[in-house]
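Asker: Residue numbers (the numbering used here), protein chains in the order written: chain E, 395 to 863; chain W, 362 to 531.
Among these hints, one or two may not hold up.
Stated by the list, open to error - Computed cross-link-like contacts, DSS-like style, restricted to lysine-lysine with a CA-CA straight-line distance of at most 25 Å: (1) LYS412(W) - LYS662(E); (2) LYS491(W) - LYS457(E); (3) LYS491(W) - LYS412(W); (4) LYS554(E) - LYS457(E); (5) LYS492(E) - LYS748(E); (6) LYS422(E) - LYS554(E); (7) LYS492(E) - LYS581(E); (8) LYS581(E) - LYS491(W); (9) LYS492(E) - LYS422(E).
Stated by the list, open to error - If you want a taste of the chain E side facing chain W, the calculated C-beta under 7 Å gives, among others: (10) ASN460; (11) ILE526; (12) VAL673; (13) MET815.
No wet-lab data here; the hints were simulated from the structure. Even for Gly, the Cβ is constructed at its ideal location relative to N, Cα and C.
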Amino acid sequence: MHDFISLLPLIIIGSGAILLMLFSAFEKIQLETASYISMGFFAAAFLAQLLVGCGPETVLFDKIFNGMLVSSNFTMIAGLIILGCGFFTAMNSHTYFKINLFCTLEFYAIMLFGACGMLLLTLSQELITAFISLEIMSLSIYILVGYDRSNVTSTEAILKYLMLGAFAGAFFTMGTALIYGGTQSTKFAEIGSFVAGHSGTNPLVLGGVFFIFVAFLFKAAAFPFHAWVIDVYDGAAAPVTGFMATALKTAVFTIFANFLAINGALHKDWITFLFYIAVFTMFGGNLIAIGQNSIKRMLAASGIVHSGYLLIALVAISTDNFTGTVVGYYLAAYAVGTLGIFSALSYLAGEGEKRATFDDFRGLANVRPYSAAAITVFLLSMAGIPPTAGFMAKFYVITSAFTAGHMTLAVLGIVSSILSMWYYLRLIIHMYFHEAEECFETGGSPLAAAATFILVFCVFAIGLYPIVI
Amino acid sequence: MFAEGLFSAFSVLAVLGALGLILFRHPMQGAMSLVVTMISLAGLYTLLSAKLIFVLQLIVYAGAIMSLILFIIMFLNIQPEDLPEETGRFYYFIGGIVILIPIASFLIKIMKSLPGTEATIVGNGFGGVKEVGLVLFQDWLLPFEIVSILLLVSLVGSVVLAGSKRRLSK
Numbered sequence: 395m396h397d398f399i400s401l402l403p404l405i406i407i408g409s410g411a412i413l414l415m416l417f418s419a420f421e422k423i424q425l426e427t428a429s430y431i432s433m434g435f436f437a438a439a440f441l442a443q444l445l446v447g448c449g450p451e452t453v454l455f456d457k458i459f460n461g462m463l464v465s466s467n468f469t470m471i472a473g474l475i476i477l478g479c480g481f482f483t484a485m486n487s488h489t490y491f492k493i494n495l496f497c498t499l500e501f502y503a504i505m506l507f508g509a510c511g512m513l514l515l516t517l518s519q520e521l522i523t524a525f526i527s528l529e530i531m532s533l534s535i536y537i538l539v540g541y542d543r544s545n546v547t548s549t550e551a552i553l554k555y556l557m558l559g560a561f562a563g564a565f566f567t568m569g570t571a572l573i574y575g576g577t578q579s580t581k582f583a584e585i586g587s588f589v590a591g592h593s594g595t596n597p598l599v600l601g602g603v604f605f606i607f608v609a610f611l612f613k614a615a616a617f618p619f620h621a622w623v624i625d626v627y628d629g630a631a632a633p634v635t636g637f638m639a640t641a642l643k644t645a646v647f648t649i650f651a652n653f654l655a656i657n658g659a660l661h662k663d664w665i666t667f668l669f670y671i672a673v674f675t676m677f678g679g680n681l682i683a684i685g686q687n688s689i690k691r692m693l694a695a696s697g698i699v700h701s702g703y704l705l706i707a708l709v710a711i712s713t714d715n716f717t718g719t720v721v722g723y724y725l726a727a728y729a730v731g732t733l734g735i736f737s738a739l740s741y742l743a744g745e746g747e748k749r750a751t752f753d754d755f756r757g758l759a760n761v762r763p764y765s766a767a768a769i770t771v772f773l774l775s776m777a778g779i780p781p782t783a784g785f786m787a788k789f790y791v792i793t794s795a796f797t798a799g800h801m802t803l804a805v806l807g808i809v810s811s812i813l814s815m816w817y818y819l820r821l822i823i824h825m826y827f828h829e830a831e832e833c834f835e836t837g838g839s840p841l842a843a844a845a846t847f848i849l850v851f852c853v854f855a856i857g858l859y860p861i862v863i
Numbered sequence: 362m363f364a365e366g367l368f369s370a371f372s373v374l375a376v377l378g379a380l381g382l383i384l385f386r387h388p389m390q391g392a393m394s395l396v397v398t399m400i401s402l403a404g405l406y407t408l409l410s411a412k413l414i415f416v417l418q419l420i421v422y423a424g425a426i427m428s429l430i431l432f433i434i435m436f437l438n439i440q441p442e443d444l445p446e447e448t449g450r451f452y453y454f455i456g457g458i459v460i461l462i463p464i465a466s467f468l469i470k471i472m473k474s475l476p477g478t479e480a481t482i483v484g485n486g487f488g489g490v491k492e493v494g495l496v497l498f499q500d501w502l503l504p505f506e507i508v509s510i511l512l513l514v515s516l517v518g519s520v521v522l523a524g525s526k527r528r529l530s531k
């Protein structure tokens, strides 16, 4: 019974997706109704996930599923983040698609399917299941990215993302094949006991793990595989970019952490590799972000930097009693900040996202003081200023790196955090210290604005949660 | 020894077919080289005594899917003058090879470090319909089930992306 309840959020999202898919065949159902339905399903699944709780690691349906799905506190946190992101994205889309008319009912069905794949990815502890859920997630995101077919940038984005995503998928299967060749199993538990039982490095396992890392690093937009992310984020619609930047990253980092936590020996072999990747990701991302003029492109680059911090957290995890608290907390803090800015962009960008660059947001504070204040809170959270969630998250990541004995990494993380102030504060300066040149008229429904202010509350709530509890 | 020779022959054919797929200019020639790859893969499956997969590979991939692809290519009626002008493709080709060299040398290094083993024929009806069915529906039930979600997503997605443009008002 407990197994079934643990799967309940996944079942709710899956049935919601199928229901909306069937609904989209009817002419009578309005786009707004569909967004309300998807919000309802996300909220129900979120509550179910919250009420179920989790406790220690449990293998779900051990007999039937052969130990392929494992739930734990970490997967519960990841599930909550994904479902929350889905809920707010549905709110943003409600507003966004009143101004930009290219949406159909299937949009929400595909978004729910994507969330379904992400939840499966967080739960899966087996490489083939992980591969299929990764593809469910990626396919849904490809479609959402290319939804506006009359837009050339969006078409370019889907083509780039599809091609490079196919590469990542091929690397993942290659890695799975090599690991299966080396260990005769694709289950995390059995790979772990194989690595523990054999001293010395098995070349097949080494190669397999390398190729799987390539796939994960690609999906997480880490250093050598980050080039796609800027164009893809720029080409997608604002709510979709927000969903991609937060929920997808959460799912990928959850499986990445679960995979690394298989065995201490495996994790130790790769620390140096991950160390360099983390450093290059942070500084490369900062370098790209400083040069950007469009807000979406800046956020994409800052997403790369945040992947770098998450990689620091992955370097520092302890595999003996793995809880993933630091990774989960960072993901939550990053998700509320990023999603908040995309909520604000969803209603401020206007028709066809005509306000896109830093200059377009000059003097926002004079005309719309509350929106400007909300964006400022999100930017400060992402830059890591107390008492926001972003500060606490960075604090935890850096202290965990210290305790694990990676001084250099911790110091470089602080340096990169200071560098990142440059482009976050630049937007704040544009909003506050310039005269307004236009009146920032917005259309659509007030839902995205509501989402923005709920997320401001979340930024402080998540930031204060560890202090209060 | 004979099996090893067959293995090398099929692998070389499969790689050549894949190369032809991306290097031929006309889509029809590309599709034909894909058939070569599909059939050589089927040959590799036989060497593994995977009977069912061999048959499915021939019927489904080399048969059904390829005829659909050929049908679509003929349906579009592509003439040589419809093909896009590709000027820098030689440089792209060189660039791709340069990127592939480290990955390939890495893989070759891994393969060389493996101890040699003698290939043996697996008994007990390995690869038959019943055995594959048992493995698929007992050990691998979950991946089998979630593939249906994957197919559903791709189905809906292709309808959305390729279907006629509809714009809902309001």
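Asker: If a hint holds in the structure, say so; if it doesn't, say that too.
Answerer: For each hint, the structure was consulted:
1. LYS412(W) - LYS662(E): Status violated; Cα separation ~42 Å.
2. LYS491(W) - LYS457(E): holds, 21 Å
3. LYS491(W) - LYS412(W): holds, 11 Å
4. LYS554(E) - LYS457(E): Distance of about 41 Å is beyond 25 Å: violated.
5. LYS492(E) - LYS748(E): Judged against 25 Å, a Cα distance of about 15 Å means the pair holds.
6. LYS422(E) - LYS554(E): violated, 36 Å
7. LYS492(E) - LYS581(E): Violated, because 46 Å separates the two Cα atoms, which is more than 25 Å.
8. LYS581(E) - LYS491(W): holds, 24 Å
9. LYS492(E) - LYS422(E): It holds: about 17 Å lies between the C-alpha atoms, which stays within 25 Å.
10. ASN460: holds, 6 Å
11. ILE526: Holds - the Cβ of ILE526(E) comes within 7 Å of chain W, reaching about 5 Å at its closest.
12. VAL673: Nearest chain W Cβ about 21 Å off; hint violated.
13. MET815: For MET815(E), the interface hint is violated, since the closest Cβ of chain W sits about 36 Å away, which is over 7 Å.
Hint check: violations occur at hints 1, 4, 6, 7, 12 and 13; the rest are consistent with the structure.
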